[in-house]
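Those sequence lines, one after another, are chains Z and U. For the first sequence, the residue numbers in numbering that gives the first Met the number 0 are 0 to 178. For the second sequence, the residue numbers in numbering that gives the first Met the number 0 are 0 to 143.
Since the hints were made in silico from the structure, they are not lab data. Do not take every clue at face value.
Said to hold, decoys possible - Straight-line distance between alpha carbons at most 30 Å, and here's what the computed DSSO-like set of lysine-lysine pairs gives: (1) Z/K162 with U/K72; (2) Z/K71 with U/K72; (3) U/K66 with Z/K162; (4) Z/K56 with U/K72; (5) Z/K71 with U/K66; (6) Z/K71 with Z/K162; (7) Z/K75 with U/K66; (8) U/K20 with Z/K75; (9) Z/K56 with Z/K71; (10) Z/K75 with Z/K56.
What the hints assert, rightly or not - Residues of chain Z placed beyond 12 Å of chain U at every Cβ, according to the derived structure: (11) R50; (12) L57; (13) K71; (14) R74; (15) D87; (16) D120; (17) E144; (18) R159.
Said to hold, decoys possible - Covered stretches of chain U (chain Z as the covering partner; in silico rule of three or more C-beta atoms under 8 Å from a C-beta of chain Z): (19) 32-46; (20) 49-55; (21) 66-74; (22) 79-92.
Remember, predicted model here, so these are calculated numbers, not experimental data. Glycine included, every Cβ here is placed at the ideal spot set by N, Cα and C.
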Amino acid sequence: MTKTGPVDWDRLVEDHQGLVYHLIHRTVRDREAHEEIFQEVFLNVLESLPRFEGRSKLSTWIASVAVHTCYKFIRKAGHRKRAESFGDWLEGEPEPAVPSDLEENLERSDARRRLERHLGDLAPKHALPVALFYLEGLSYREIAEVLEVPLGTVKSHLFRGLKELRKRVGGGKDGFLRG
Amino acid sequence: MDFCAAEALKLDYVNGRLSEKDGALFEEHLAVCPACRGEVLELRETAAAMAGLARPPVPPAWTAAVKGRLELKRHAPARRRASLFLYAAISAGVTAAVVLLFWLGPRGTSDRITWFLSLPSLLFVPSIIDNIYRLVRRGVRRTG
Numbered sequence: 000m001t002k003t004g005p006v007d008w009d010r011l012v013e014d015h016q017g018l019v020y021h022l023i024h025r026t027v028r029d030r031e032a033h034e035e036i037f038q039e040v041f042l043n044v045l046e047s048l049p050r051f052e053g054r055s056k057l058s059t060w061i062a063s064v065a066v067h068t069c070y071k072f073i074r075k076a077g078h079r080k081r082a083e084s085f086g087d088w089l090e091g092e093p094e095p096a097v098p099s100d101l102e103e104n105l106e107r108s109d110a111r112r113r114l115e116r117h118l119g120d121l122a123p124k125h126a127l128p129v130a131l132f133y134l135e136g137l138s139y140r141e142i143a144e145v146l147e148v149p150l151g152t153v154k155s156h157l158f159r160g161l162k163e164l165r166k167r168v169g170g171g172k173d174g175f176l177r178g
Numbered sequence: 000m001d002f003c004a005a006e007a008l009k010l011d012y013v014n015g016r017l018s019e020k021d022g023a024l025f026e027e028h029l030a031v032c033p034a035c036r037g038e039v040l041e042l043r044e045t046a047a048a049m050a051g052l053a054r055p056p057v058p059p060a061w062t063a064a065v066k067g068r069l070e071l072k073r074h075a076p077a078r079r080r081a082s083l084f085l086y087a088a089i090s091a092g093v094t095a096a097v098v099l100l101f102w103l104g105p106r107g108t109s110d111r112i113t114w115f116l117s118l119p120s121l122l123f124v125p126s127i128i129d130n131i132y133r134l135v136r137r138g139v140r141r142t143g
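Okay, chain U solo, but in the shape it has when bound:
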């Protein structure tokens, strides 16, 4: 084996990852090869110096910030579902109220015309739903 060209072997030796048998073989080579001896010594010194370095400390505020964002994100699907349910409930309620109003309203011919003319007012229904939804959400937030 060409020990001088065996980079992985030298690295394993420096990092203490060689088997006893391979280590002994390599040390036999080191005893007669000053170039490899010097190289291993340098690698060992550099590795030791590396081990003396420390991780950069995490800025303390970042921990709280990331925990907060994770908390928000984790509960986002449940919040979205709750909002959707609330919106659907309000829409159903308002629609039912509008239908009921027209259903129970006067039934004469002139009243029918009035009813027909009042149809454009249905355009305001989505906005009514939106406003009720916002009011309810605001109320929930205050009580929460």
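Bound conformation, chain Z alone:
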């Protein structure tokens, strides 16, 4: 039971697991840890849901819980300086990747793999707004809420994220974007 009524937990998991996994996938490079974080996010949701007042969409709030859980994991794992705040982490470089065979997905086209890879190479402050806006369909305002930054910052990071992706992936006549 929450302030907004009773909760169908199976439904909540089914409706939001894609969003949660996507955010973990974009944020934490250590794939071995993904399942643990995935479960931790929903346990955190269970714990915090009684305090959810319904001022934002449930999916926006769950995205925020997911991003914070990822951040806490990264801090705990010792990849980052202990004193680093959430804001500093967003601004920083992406986590070092852990090599994994799971990276390969033969069904995906090469162009998509390149774009995926370059998106993964962006700093969280750029990768998260890009993923949340173009893949999850969140509005600028919702992204601002999830990442706890002003609206103008979201736009600026989104703009620079797109520019950075373009630079890394390449364009032009032979670039994959026109291929």
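Dock chain U against the given chain Z, drawing on the hints supplied.
Same frame as chain Z, now just chain U:
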């Protein structure tokens, strides 16, 4: 307005978030500014390519696992309360039985001494409570 430096405006234009009026104004600028035209085109292509990406699929086993953990966690407080109640009931029962035994026991002087000497046996009471509690829990689990 310096359209060339207006990042947010370009982004809104690419994402279709500009008002009709602002859009028309910006398009007037685009018509005379090849640098901005090129930049907008690139941004638009990148955004379109992004939209073509898909979410990574959630491994199917994870859904069942997380639902199971949530189920366990949701019922944990009720289970803890039930365990506490059971433990308290057994403790009260055993304590009452011990008190009753001493109360109803022989009352002569030598019996008093025996009673006094048997006091250390009270140390076993918590262990008796624990064992009864475990037995009851095991029985409940089997029948459940």
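Hint check, failures only:
Of the numbered hints, 1, 3, 8, 18, 22 do not hold.
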